[in-house]
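Chain by chain, the residues run as shown.
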Amino acid sequence: GAVVSQHPSRVICKSGTSVKIECRSLDFQATTMFWYRQFPKQSLMLMATSNEGSKATYEQGVEKDKFLINHASLTLSTLTVTSAHPEDSSFYICSAIRTGGFGAEAFFGQGTRLTVV
Amino acid sequence: GESVGLHLPTLSVQEGDNSIINCAYSNSASDYFIWYKQESGKGPQFIIDIRSNMDKRQGQRVTVLLNKTVKHLSLQIAATQPGDSAVYFCAHRQFRGSTLGRLYFGRGTQLTVWP
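Here the protein sequences line up with chains Z and U, keeping their order.
Note that our numbering has the first sequence beginning at 1, numbered continuously upward.
Note that our numbering has the second sequence beginning at 1, numbered continuously upward.
Some hints could be false.
In silico BS3-like links for lysine-lysine, alpha-carbon gap of 27 Å or less [as the list claims (entries may be wrong)]: (1) LYS66/Z to LYS41/Z; (2) LYS64/Z to LYS42/U; (3) LYS56/U to LYS68/U; (4) LYS68/U to LYS20/Z; (5) LYS64/Z to LYS68/U.
To spell it out: a stretch of chain Z is covered by chain U in this simulated footprint if at least three of its residues, at any positions, have a beta carbon under 8 Å from a beta carbon of chain U; those stretches are [stated by the list, open to error]: (6) 77 to 90; (7) 110 to 116.
It should be emphasised that the hints constitute simulated quantities derived from the structure, not laboratory data.
Beta carbons: idealized from backbone N, C-alpha and C, even for Gly.
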């Protein structure tokens with residue numbers, strides 16, 4: 001199957017700093033990637049849709065200035081949590097969409113555990 | 001709507017027993033359904049999928065059943081093993097009028113397998 005690499009897997013940062021999370025599709029090109037946030041014992045919550053070469057589309061309630069998304073190439077999307085605060089601590093997951101004969105298939109990264117102290 | 005944000009229901013089974021995990025969805029326009037397994041601290045892992053023109057699909061030790069009349073999806077795991085312990089999510093996709101590839105996730109079920 002297709003591989004999506006997410007980096008870093010864990011990060012601890014101080015309150016007020018910014019953190020960048022990378023999502024790479026290693027063996028296919030992805031025009032569309034998604035970013036999710038997951039709280040403990042809960043489901044995945046879609047934050048935004050990352051579109052290569054254009055602005056991301058954010059879900060209602062997600063601050064676009066807080067969670068900056070850049071999809072500069074067909075294999076890389078980045079999520080930057082700016083001026084992080086403890087309430088931003090969460091598990092962040094990306095998925096990359098591969099299109100082809102089977103339609104659109106979603107492949108997920110390993111997730112990033114962000115802890116803001 | 002989707003049941004995002006609600007706490008997970010749990011299912012505990014004995015090793016070797018069969019497990020059945022259920023999922024309800026609300027969008028009748030959904031045409032593609034997937035079950036994912038998520039182990040602690042990892043991203044979702046694809047298990048099996050089914051399209052809306054089918055009502056049953058089998059994989060290795062897993063079977064997915066789709067009942068479009070009542071908008072219900074189930075995952076059956078045969079001879080459950082300790083390694084099956086994880087959170088299981090159903091997801092569905094609406095073919096028309098939505099972002100390509102966007103998935104809507106169910107609330108998930110925590111499966112615990114006891115030896």
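Item checked: Pair hint LYS64/Z and LYS68/U, alpha-carbon separation not exceeding 27 Å -> Violated: LYS64/Z and LYS68/U sit about 37 Å apart, past 27 Å.
Margin query: Would the hint linking LYS68/U and LYS20/Z be met if the CA-CA limit is 27 Å?
Written below: Between LYS68/U and LYS20/Z the Cα gap is close to 41 Å, so the pair fails against 27 Å, i.e. violated.
Check: Counting residues of the segment 110 to 116 of chain Z that have a beta-carbon nearer than 8 Å to any beta-carbon of chain U, does the count reach 3?
Finding: Holds: 3 residues of the segment 110 to 116 of chain Z have a Cβ under 8 Å from chain U.
Note to self: Given the hinted pair LYS56/U and LYS68/U, is their Cα-Cα distance within 27 Å?
What the structure shows: Within the cut-off at roughly 11 Å; holds.
Checklist line | Restraint status (C-alpha distance of LYS64/Z to LYS42/U at most 27 Å) | finding: holds, 25 Å
Margin query: Hinted pair, alpha-carbon criterion (27 Å max): LYS66/Z, LYS41/Z. Please report holds or violated.
Written below: Distance ~24 Å between LYS66/Z and LYS41/Z Cα, so the pair holds.
Check: For the segment 77 to 90 of chain Z, does the count of residues with a C-beta closer than 8 Å to a C-beta of chain U reach 3?
Finding: With 0 residues closer than 8 Å to chain U, the segment 77 to 90 of chain Z misses the three-residue bar; violated.
Going down the numbered hints, you'll see the structure goes against 4, 5 and 6, while the others check out.
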